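Participant: With the hints as constraints, model all of the structure from the sequences given.
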Amino acid sequence: MFEYMGDRISSAIKNIRGMGKITESNINEAMREIRLALLEADVNYSVVKEFTSKVKEKALGQNVENSLKPDELFIKIVKDELVELLGREYVPISTKNNFEVIMLCGLQGSGKTTTAGKLANMLRKKYNRKPLLVAGDIYRPAAIEQLKQIGSSLNIPVFSEDKKVLEIVTDAINYAKEEKLDYVIIDTAGRLQIDEVLMEELKEIEKNVNLSEVILVIDAMMGQDAINVINGFNDSLNVTGCILTKMDGDTKGGVALSLRHLTNIPIKFLGTSEKMDGLNEFYPERMAKRILDMGDILSIAEKVEDVISEDDAKKQAEKMKKGTFDLEDFLQTFKQIKKLGPLENILKMLPGARNMGINNINIDPKDMAHIEAIILSMTPYERRHPEILKASRKQRIAKGSGRSVEEVNRLLKQFDTMKELMKQMNSGKFKMPF
Amino acid sequence: MGLFDKLKNIVAKKSAVLDKNEKEEIINYEKGLKKTREEFVSKLNILGFKYTKVSEEYFEELENILIMADIGVNTVMKFMDKLRKRVKEENITDTEYLKEVIVDELLIIYVEGESLSDKIKINENGPTVILMVGVNGVGKTTTIAKLAYKYKSEDKSVMLIAGDTFRAGASEQLKIWADKTDSLFYGKSESDAASVIYDGLLLAKEKNVDIVLIDTAGRLQNKVNLMKELEKINKVIGTHIEGAPHETLLVIDAQTGQNGIMQAKAFKEITNITGIVLTKLDGTAKGGIVLAIKEEVNLPVKFIGLGEKMTDLKPFDIENYIYGLFKDMI
Numbered sequence: 001m002f003e004y005m006g007d008r009i010s011s012a013i014k015n016i017r018g019m020g021k022i023t024e025s026n027i028n029e030a031m032r033e034i035r036l037a038l039l040e041a042d043v044n045y046s047v048v049k050e051f052t053s054k055v056k057e058k059a060l061g062q063n064v065e066n067s068l069k070p071d072e073l074f075i076k077i078v079k080d081e082l083v084e085l086l087g088r089e090y091v092p093i094s095t096k097n098n099f100e101v102i103m104l105c106g107l108q109g110s111g112k113t114t115t116a117g118k119l120a121n122m123l124r125k126k127y128n129r130k131p132l133l134v135a136g137d138i139y140r141p142a143a144i145e146q147l148k149q150i151g152s153s154l155n156i157p158v159f160s161e162d163k164k165v166l167e168i169v170t171d172a173i174n175y176a177k178e179e180k181l182d183y184v185i186i187d188t189a190g191r192l193q194i195d196e197v198l199m200e201e202l203k204e205i206e207k208n209v210n211l212s213e214v215i216l217v218i219d220a221m222m223g224q225d226a227i228n229v230i231n232g233f234n235d236s237l238n239v240t241g242c243i244l245t246k247m248d249g250d251t252k253g254g255v256a257l258s259l260r261h262l263t264n265i266p267i268k269f270l271g272t273s274e275k276m277d278g279l280n281e282f283y284p285e286r287m288a289k290r291i292l293d294m295g296d297i298l299s300i301a302e303k304v305e306d307v308i309s310e311d312d313a314k315k316q317a318e319k320m321k322k323g324t325f326d327l328e329d330f331l332q333t334f335k336q337i338k339k340l341g342p343l344e345n346i347l348k349m350l351p352g353a354r355n356m357g358i359n360n361i362n363i364d365p366k367d368m369a370h371i372e373a374i375i376l377s378m379t380p381y382e383r384r385h386p387e388i389l390k391a392s393r394k395q396r397i398a399k400g401s402g403r404s405v406e407e408v409n410r411l412l413k414q415f416d417t418m419k420e421l422m423k424q425m426n427s428g429k430f431k432m433p434f
Numbered sequence: 001m002g003l004f005d006k007l008k009n010i011v012a013k014k015s016a017v018l019d020k021n022e023k024e025e026i027i028n029y030e031k032g033l034k035k036t037r038e039e040f041v042s043k044l045n046i047l048g049f050k051y052t053k054v055s056e057e058y059f060e061e062l063e064n065i066l067i068m069a070d071i072g073v074n075t076v077m078k079f080m081d082k083l084r085k086r087v088k089e090e091n092i093t094d095t096e097y098l099k100e101v102i103v104d105e106l107l108i109i110y111v112e113g114e115s116l117s118d119k120i121k122i123n124e125n126g127p128t129v130i131l132m133v134g135v136n137g138v139g140k141t142t143t144i145a146k147l148a149y150k151y152k153s154e155d156k157s158v159m160l161i162a163g164d165t166f167r168a169g170a171s172e173q174l175k176i177w178a179d180k181t182d183s184l185f186y187g188k189s190e191s192d193a194a195s196v197i198y199d200g201l202l203l204a205k206e207k208n209v210d211i212v213l214i215d216t217a218g219r220l221q222n223k224v225n226l227m228k229e230l231e232k233i234n235k236v237i238g239t240h241i242e243g244a245p246h247e248t249l250l251v252i253d254a255q256t257g258q259n260g261i262m263q264a265k266a267f268k269e270i271t272n273i274t275g276i277v278l279t280k281l282d283g284t285a286k287g288g289i290v291l292a293i294k295e296e297v298n299l300p301v302k303f304i305g306l307g308e309k310m311t312d313l314k315p316f317d318i319e320n321y322i323y324g325l326f327k328d329m330i
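From first to last, the protein sequence lines stand for chains A and B.
Mapping of the first sequence onto the numbering used here: position 224 corresponds to residue 224, and the numbering continues sequentially without gaps.
Mapping of the second sequence onto the numbering used here: position 205 corresponds to residue 205, and the numbering continues sequentially without gaps.
Treat the hints as calculated values from the structure; they're not laboratory data.
Here the structure is a predicted model, which means the values were calculated and not measured.
Note that the Cβ used here is the ideal one computed from N, Cα and C, for glycine as well.
Treat each hint with caution, since some may be false.
Below are the PhoX-like pairs computed for lysine-lysine, each with C-alpha atoms no more than 25 Å apart in a straight line [what the hints assert, rightly or not]:
1. A/203 / B/35
2. B/309 / A/203
3. B/228 / A/366
4. B/265 / A/366
5. A/177 / A/148
6. B/50 / A/49
7. A/338 / B/228
8. A/423 / A/314
Quick list of simulated restraints, FRET-style, between CB atoms [claimed, not checked]:
9. B/55 / A/365: 48 to 58 Å
10. A/125 / B/104: 49 to 59 Å
11. A/235 / B/57: 23 to 33 Å
12. A/72 / B/57: 33 to 43 Å
13. A/406 / B/80: 49 to 59 Å
14. A/11 / B/49: 36 to 46 Å
15. B/104 / A/207: 44 to 54 Å
16. A/200 / B/57: 36 to 46 Å
17. B/205 / A/49: 51 to 61 Å
Just so you have them, the derived chain B footprint on chain A, three or more residues with Cβ under 8 Å [to be verified]:
18. 28-42
19. 146-155
20. 220-228
21. 246-258
22. 364-378
Facilitator: See the structure below:
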């Protein structure tokens, strides 16, 4: 997500590098690139206009500080403005009440049902809540079935009955109270914001039920019309937050930039995979950094914390430091990384990912399986001492794993490069791009 | 005769020789595009009020309007260059006339280059296989239901194959549609998509069904493993029925922004996309992305979705579409 935007901006500011100060003429091209990049990312036209003029104004008004070069200063201004646009603070979902009811709404196909499952999963895992999913989409064929399947895969109860939506919701709330469940998540049918009849249905729920939040679920691939949709829902309902879905696509997700600025509705989460744990908290600062390829180490760290035990991580970090990291450790790390979900999502968050050319890597899960197969075909001794691997051993490993000797060689070479990189990092030679 | 009049004439002539159903088609277009049109045209009209003379400001605001319609930054930039050139060459100063030139040039974007068929290719020697692909949530399954309804009402036998074995409830959803449209159904949840399709097609051949509609799981175009699965599905389809799939339709949500171009490019690389179905045009979105897709990826639109009713899937007609967008102005 957002890669291309960062790409264009960073190539545009190369011109400013080395200049004594920021002048109108040396940022003109950069401003043009930023404008086009934002438009190509589907950022709302009026937001683009305002953003570029603000950046320009701030950049020209600045005295170049001693500590910062003009290009660094310019990037800093762009970043700060991006953070501003994205809403500055992370606004968490409501968890302060003992009993919460939230409603998800949005257009058809925006991902409400999947998101309902992810939210329930997260509320249980992170906040220790006891969620109840409510099947409020009584129109789309098999929508209830879909929610039930999601519920059963997560082992989270799903409430459904053959009644009108408002009745379903009130019955569900009573059911939740009886069953000592404390977080009710209402899935609703997709609807157009201009469909007055269906919008009335949501208004009825809002009027009769004490809702903690009304969450609008939006497809990150949306174009310029996003703002009409958001305003339409927000005019009818008191929308308290948004969830942007399908951010794991190659969309630039410019709607994120327009959203907060034009409506003041905070983005709470991003949907980042089809798996039930693919819901990330939305931090404006981190997002801005990611857009500008400044990396998002914090998000990686959080993700890692979720799936890898601290002890394991410490042990391996120690080994990396000492340079005793071998293929056995690599295999362990590898297995843990697999738990993190698609690796390309993680790589993108690394600072300078673009400069290293790893921002747009598409990793085939099969390749990962091949690497694992190759290492598993080695004896434990070989894994500890990869330097003993010569032709005949390599041939055996290739045969055992069903891969070619070239692939075995490639893996060993990659492992060496990685080790080298770790050494550099530890000796402080590794230079961060920003 | 102004260009608007020409377009109006084309549509009027069409309707003169058309039967009642086809006339209704044009009315449906106008109705379905109502919301889309209102905003778009009122913006252009305001522009006409504001500027009686063509000026740099006029161009800038026009560029804004086109970008807001999701026509695509590249396509808009090229369009603007062309328009500027034409204005200079033909010495156009009147914004009223320029409006006509704009509509004319927008049509040209779509009709230029290779002329592409907007018809569905029918297999004369056996079942016609139509494969539906696209990213998540664009409306593949619903579109299949509408297509099934269309072919059933043309007295054809139809079979639906549930190739989406991934999303919860997808197979059930398709089954309900099969029952509602009185079509045959083949599906087996929790198995490999390619094998379900393989078995389904075997059955379709055996029963000598006229039209086979294959649903597939939504997949984001940058997911390598899912795109590989699609490649496999595509291969499997050809094994039983020669020349199949006869049509591979990429379903795109009219709300989609610039990512639509990437979707079209990526899916075209993996499968032989023969056309686009643009869904959800009954909202406020302009669906301008189809112009960009035609220009950059050269794919025609075959159907558009103008509502939730079974009859709301319409064959795409560029003249009707552009006329539908600009009707109030003409």
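Participant: Next, verify each hint and record whether it holds.
Facilitator: Each hint, compared with the structure:
| no. | hint | verdict |
| --- | --- | --- |
| 1 | A/203 / B/35 | holds, 22 Å |
| 2 | B/309 / A/203 | holds, 24 Å |
| 3 | B/228 / A/366 | holds, 11 Å |
| 4 | B/265 / A/366 | holds, 24 Å |
| 5 | A/177 / A/148 | holds, 20 Å |
| 6 | B/50 / A/49 | holds, 20 Å |
| 7 | A/338 / B/228 | holds, 20 Å |
| 8 | A/423 / A/314 | holds, 17 Å |
| 9 | B/55 / A/365: 48 to 58 Å | holds, 56 Å |
| 10 | A/125 / B/104: 49 to 59 Å | holds, 58 Å |
| 11 | A/235 / B/57: 23 to 33 Å | holds, 31 Å |
| 12 | A/72 / B/57: 33 to 43 Å | holds, 36 Å |
| 13 | A/406 / B/80: 49 to 59 Å | holds, 51 Å |
| 14 | A/11 / B/49: 36 to 46 Å | holds, 41 Å |
| 15 | B/104 / A/207: 44 to 54 Å | holds, 50 Å |
| 16 | A/200 / B/57: 36 to 46 Å | holds, 42 Å |
| 17 | B/205 / A/49: 51 to 61 Å | holds, 58 Å |
| 18 | 28-42 | holds (count 5) |
| 19 | 146-155 | holds (count 6) |
| 20 | 220-228 | holds (count 7) |
| 21 | 246-258 | holds (count 8) |
| 22 | 364-378 | holds (count 3) |
When each numbered hint is compared with the structure, no violation occurs for any of them.
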